[in-house]
Amino acid sequence: MTEENAGGVAKRFLYVNRRAPYGTIYALESLEVVLIGAAFEQDVSLAFLGDGVYQLAKGQDTKALQAKNFSPTFRALEDYDVTKLYVEKEALEARGLTAADLVVPVEVVDAARMAEIMEAQDVILSF
Amino acid sequence: MKLGILVNEGPYTHQASDSAYQFVKAALAKGHEVCRVFFYHDGVNNGTRLTVPPQDDRNIVKRWSELAAEHKLDLVVCIAAAQRRGLMDKAEAKRHGKDADNLAPGFRISGLGQLIEAGIEADRMVVFGD
Chain A
1 MTEENAGGVA KRFLYVNRRA PYGTIYALES LEVVLIGAAF EQDVSLAFLG DGVYQLAKGQ
61 DTKALQAKNF SPTFRALEDY DVTKLYVEKE ALEARGLTAA DLVVPVEVVD AARMAEIMEA
121 QDVILSF
Chain B
1 MKLGILVNEG PYTHQASDSA YQFVKAALAK GHEVCRVFFY HDGVNNGTRL TVPPQDDRNI
61 VKRWSELAAE HKLDLVVCIA AAQRRGLMDK AEAKRHGKDA DNLAPGFRIS GLGQLIEAGI
121 EADRMVVFGD
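The listed protein sequences derive, respectively, from chains A and B.
Be aware that the first sequence starts at 1, since it is given in this note's numbering, and climbs by one per residue.
Be aware that the second sequence starts at 1, since it is given in this note's numbering, and climbs by one per residue.
Keep in mind that a hint or two might mislead.
Listed below are several chain B residues computed to face chain A (Cβ distance under 10 angstroms; list not exhaustive) [to be verified]:
| # | residue |
| --- | --- |
| 1 | Tyr12 |
| 2 | Glu117 |
| 3 | Ala122 |
Label-pair ranges, simulated between beta-carbon atoms [said to hold, decoys possible]:
| # | chain 1 | residue 1 | chain 2 | residue 2 | range |
| --- | --- | --- | --- | --- | --- |
| 4 | A | Ala20 | B | Phe23 | 25 to 31 angstroms |
| 5 | B | Leu28 | A | Ala111 | 45 to 51 angstroms |
| 6 | B | Glu66 | A | Gly23 | 32 to 38 angstroms |
| 7 | B | Ala91 | A | Ala99 | 43 to 49 angstroms |
| 8 | A | Gly50 | B | Gly31 | 49 to 55 angstroms |
| 9 | B | Gln55 | A | Thr98 | 54 to 60 angstroms |
| 10 | A | Glu119 | B | Asp130 | 19 to 25 angstroms |
| 11 | A | Gly50 | B | Arg49 | 33 to 39 angstroms |
| 12 | A | Gln66 | B | Arg108 | 47 to 53 angstroms |
These are calculated hints, taken from the structure and not from any lab test.
Because the structure is a prediction, the values reported are computed rather than measured.
Cβ coordinates follow ideal geometry from the N, Cα and C atoms, glycine included.
Model the full assembly from the supplied sequences, consistent with the hints where possible.
If you want it as structure tokens, here you go:
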């Protein structure tokens, strides 16, 4: 536990999203943790790596899957004071995406910078 | 050191629950404290008392229950993930009008807040999954 936390100051939580939004339930259930966690007034960041960047892609249509399109929920994160969203530059580029293709404003960072962001955290929950 | 544990995969299909169990056992043997083991995603299936594995195999659910009894471990199954997957205690079964409950001894069902709380309280949060 950090010294700050002993004084009641928030811990740094990073949620790492590594998977595509559909096909498995990890992305949806990760977002559920983020929403619940927001009530705890911690210092929250989200990272999107690999196929995880697809979670933020605009224009998702899940009708044929009969699954809920939860991408609009990312736009609500701001209301929960969750505003630090980091997206891996290499992952975006490898998939032919840019920040303009995403449903929310994000900070695009390269893998080396992402490693530094991770290094600075107290708790990393990886999904 | 005070440890929080997150188990994200179900028993037998995936190594995660076995690894978490061995890690917790080793940590306790070394004198560390495990403040909570939280089961999420298919990890909630580690908490069903209805598993009947072959006799020559390990009994993963029973092993968790026994470890919990021995060390007063707090084994928490996420309620939202459990509801999706058909895990429930007596109170939940009653609430949803189901004719059976299946939570194994030593486990309890609670909310995701318990995971965040473990992250806040623990010196280290260790995640077991894919």
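May I ask which of the numbered hints given earlier this structure violates, with the numbers listed in increasing order? Going through the list in order, the structure violates hints 1, 5, 8, 12 and respects the others.
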